[in-house]
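Asks: Just need the whole structure built from these sequences, with the hints factored in.
Below, each chain spelled out in residue letters.
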Amino acid sequence: MTRLLVPLFALVLLLGVVIGLDSSPPRADFVFINASDINTLDPQRMSWMQDLRATRILFEGLVQTDIFSWGFDVQPAVAERWEIRRVEEPLVNAMGGPVLDEQGEQRTATREVYTFFLRDNAKWSNGSPVTAGDFVYAWRRGMLPDTASPYMKFFELVRGAAQFHQLRQAMLSEYQARPRAERNRAEAEALYREAVDAFEIGMSGEAARARFSDPVRRARLGLDDESSPWLLDNGVGMRAIDDRTLEITVYRPTPYFLDICAFGTMYPVYEPVVSRFEEPNPVTGTLVILGAWTKPEHIVSNGPFELTLWRFRRDMRFEQNPHYWNRDALKIRSIEIPSIEDSNAQVLAYQTGRIDWMSNVEVAYRGAMWEAKKAYYEEHKELVEELRAKGYDQFEIDRHLPPDSRLHIHVIPAFGSYFYNFNCNDKLNDGRDNPFRDARVRRAFSMTIDRKAIVRDVRRIDERKAYSLTPPGSVAGYEPPRGLRSVCDAPTPEERREIADEARSLLIEAMRDMGMGSDPSRFPTVELLFNQEGGHDLIAQVVASSWETNLGVSTRLVAKDLQVFRDDLKNQNFMTARAGWYGDYGDPSTFLGVNRTGDGNNDRNYSNPVYDALLDKAAIEADPVRRMELLYEAERIIMEEDLPMAPVFHYSNVYMFDPHRLSGITSHPRSVQNPFLAQVFDEPIGPGVARALPPRSPTPQSDNGDPEASDSPPSEASR
Amino acid sequence: MMSTILRRLAQLPFILLVIYTLTLTLAWAVPGDPLENPEGRQPPAEVQEAMRAQYNLDSFWSFYFSYLKSATGVQYLADLATGEIRREAESAREAGVAPRQRYIFDLGPSLQYRDWRVNEMIGSSLPVSATLGIAAIVLALFIGIGAGVIGAVKPNSFLDISTLVIALIGISLPSFVIGTVLLLLFGVLLPIFPTGGWGSPSQMILPTVALSFPFAAYIARLTRMGMIDALGADYIRTARAKGLSENKVLFKHALKNAFLPVLSFLGPATALAMTGSFVVERVFFVPGIGQHFVNAVRNKDLFMIMGVVLVFSTLLILLNLLVDILYAFVDPRIQ
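Line by line, the protein sequences are chains A and B.
Those letters in the first sequence? Residues 1 to 719, by this note's numbering.
Those letters in the second sequence? Residues 1 to 335, by this note's numbering.
Warning: the hint list may mix true and false statements.
Computed far set for chain A versus chain B, every beta-carbon distance over 10 angstroms [to be verified]: (1) V74; (2) W82; (3) G127; (4) R239; (5) P253; (6) K452; (7) R460; (8) G473; (9) M514; (10) P520; (11) S545; (12) L615; (13) I637; (14) R670.
Derived list of chain A stretches under chain B, where covered just means 3 residues or more per stretch with a C-beta under 8 angstroms from a C-beta of chain B [what the hints assert, rightly or not]: (15) 25-39; (16) 137-150; (17) 338-351; (18) 561-568.
Read the hints as simulated data drawn from the structure, not as lab findings.
For clarity, every value in this text was computed on a predicted model and none was experimentally measured.
Glycine included, every Cβ here is placed at the ideal spot set by N, Cα and C.
Replies: Quick look at the structure:
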């Protein structure tokens, strides 16, 4: 027996040693839980909210948006100032010759040239200056197909970027078609250098012919073909005039271009380090990015903080970047993001003081917590009403009230919408005729969704019922169309019946025209597709029962695993399916783009040339007011006539933090946070101390026939 | 004995190859596209094609062999032979930077967590799970054997029945319930221990207890049964007749035989405990390997699925072998 005890004691000893070796640094000044674990810290490859949030801590773009201004104003960042001018650029064809219009005149296009003047005290975390070339390098990465940037569209705003992307794609295809023996590392490297040259000097006309002397290869690349879409004459419209001056030519006037420059994927990366982790794959010729450059031991960043620790699925730690130009604005020295996946564990960690801010409260009882906060508001009704009337945001209202743990939960409107997709194809994937191909059917189904029940009984955090894709009040200068009226808005049962009848007659009319008879109960069983987790089943139940009671159709719920669900969406293997979309930049096109014909995110396969034309027109419209009118008309088409999707509600974010102890979180409906601006106080703070949105002159509440609308929380965006 | 061990070790690669083939076939058949963000922006189709080619995801067999090559170290040896690795090191030295890390058994990149390689992910989480698992097994042994012996000495006494009840609860209650109850009791109501995390000894205690509970319960039942059998055997009567003290009889003679079933349970149990528990890790946010089993499949992260399965299988086979060796060591009847 003692012989057995020896290894046992050895094990215990080993345990002690392991624990002793494994230690954590002291608690950071500000600890928060991100939306989820980081997928990547490589700016050009990211697309998830948690990644973009971390990027704002680590990197800094040309400009930044002021999250504490209602207009989300653009402020200087690495660029201390900029100039914008319009130029008329002559169009050139593939052979380098002029493009002529019908009258034989040289055709031109209006471009916008942005000149950014970089501040000379912008530094990387290793002390070297941030140069215009750093931005060129980062943006070129974003344009290369090798990087597979999910936000390539943003980079394509630069004149010639889309062509550059296609050229590189063509070069890769040509490379891959070569015999295996002719493909090796050196060849792949040469191919990449060629692409970089093309970026700088252009690839058509004499320059290209001189470079590609082999006629076979030239033909394969389409260099002698006048209609080749990817040939560029002047290269990509982005160049470093000197270390401090960056010139970007935007291929069409884009009012939100600066807003996009503030977006995380557009931030610079440090070439000397990053390029060490990019290597050409000899077989495919593509530049493979090895993720390791984002690790603390390698990464060099230019933002307010630098990464000092990153343990996978455990924690991340950031310390102030000693070379950051604007350190005066920082009130904290260190930030920690622990990885806690389980939402109940998150709340426990919050309650025991382990964390300061929970950025996404998903516990089942959050509705009850929100009720408790509203009850607390009720106890201070007069004061709250008065503060609301003065236009204070939720956090500042809380700071006026005596501290109470019930105040720690916050529901603020988000820049996103939840909706149901309708399959717009003529046929379903099983070969049957798709009953949703008729817009009247889709209208009828959208009109009969009981949004109120979903918001009030299922979600329980007072989200706003949705009648448009763009959340109202989220984009300055744009108010989305009112959309179709819905049964849930009727103040009386009679009116409710009236709306339901209207919807049913729409449905019957469409059924007759499609040769399906006139009995809604004979309508094919409607399938509602959703993914299993995240409470979508409860919403689907309400939607299904609204359709059954109001339209008399039969329904079937189809729950699938997330990956399978995603696959089904992509292949239009559904009748109706739950979906959601968050906007990226302050313009309605960030939402409306998903319904464009052929868009990668158009899961509905909706296609309307009129709609596409409106978006195209808006894209080149120079007058901002006229532009918004065009976008309004586009959104009106999809929200009042065609209904490729039925909007259900606009998302809210649920946060948890003590408003009397933490400053620096904004309640702006664009859902962007700058964690580096946080400040944690030891003593409770009152109003007016924290970084917060200023009081907003109250907007008149528009009446959409909902008696409960005025009961909604102090959310700043109102319909 | 030595030949048995060698034979078993020689079998290892073949067993692993079978496991590899079966798992990859199944994982390949799971619907969904590993390169796609389930809920995010989609890169254009041609970009996805290029990525697919890069990761050899365009055909089953090219993935099968390329992954096999890198995971078994064949690729590394080939690169070593062709001088590729030396060239890399030289070019890094010329540039004045550290050469990039190469793994002999390269389990590939993670498709979900782009900045990490599967080797790094397993390398950082397996030690955590192993520490926690070994601690839990040690604790389970102490509790389980103690409770089992007590029960066996006085069968059907109050003590025996109460250990039986506790053991039953331990076996039947899922660990997320035990974990959450422990967390509420000792983390929130009586804030003695931190609510979770990893790094300090105090953070280890609650997850260890939660993880050891079912194992302890099972060991207690095994020990009790074994002890009752042993205590009725002739050689125990002989020992008592010789006038040995009761302690000596119990621990020197009876337990030695009663421990054998526990020992054979320990092999798979240790492997199981060491490779982490999804639930316990989630409740106490322990950065262990258990979560990867579930997440990798959910994200269809092929490299991660294969890496985790291969590491787990190797561990399981080796631990079983170790237990067999120990068996021979404890029980001289087995050779």
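Asks: State for each hint whether it applies.
Replies: So, going through the hints one by one against the coordinates:
1. V74: V74 of chain A is indeed farther than 10 angstroms from all Cβ atoms of chain B, at 23 angstroms.
2. W82: holds, 27 angstroms
3. G127: holds, 17 angstroms
4. R239: The claim stands: R239 of chain A keeps its Cβ more than 10 angstroms from every Cβ of chain B (closest is about 25 angstroms).
5. P253: Label holds. Min Cβ-Cβ 24 angstroms, cutoff 10 angstroms.
6. K452: holds, 26 angstroms
7. R460: Per Cβ check, R460 of chain A is outside 10 angstroms of chain B; nearest 22 angstroms; holds.
8. G473: holds, 24 angstroms
9. M514: holds, 32 angstroms
10. P520: Given that every Cβ of chain B is farther than 10 angstroms from that of P520 of chain A, nearest at about 33 angstroms, it holds.
11. S545: holds, 26 angstroms
12. L615: About 18 angstroms separates L615 of chain A from the closest Cβ of chain B, which puts it past 10 angstroms; holds.
13. I637: Per Cβ check, I637 of chain A is outside 10 angstroms of chain B; nearest 24 angstroms; holds.
14. R670: holds, 17 angstroms
15. 25-39: holds (count 3)
16. 137-150: holds (count 5)
17. 338-351: It holds: at least three residues are needed, and the stretch 338-351 of chain A offers 10 whose Cβ sits within less than 8 angstroms of chain B.
18. 561-568: holds (count 7)
The earlier numbered hints are all upheld by this structure, with none contradicted.
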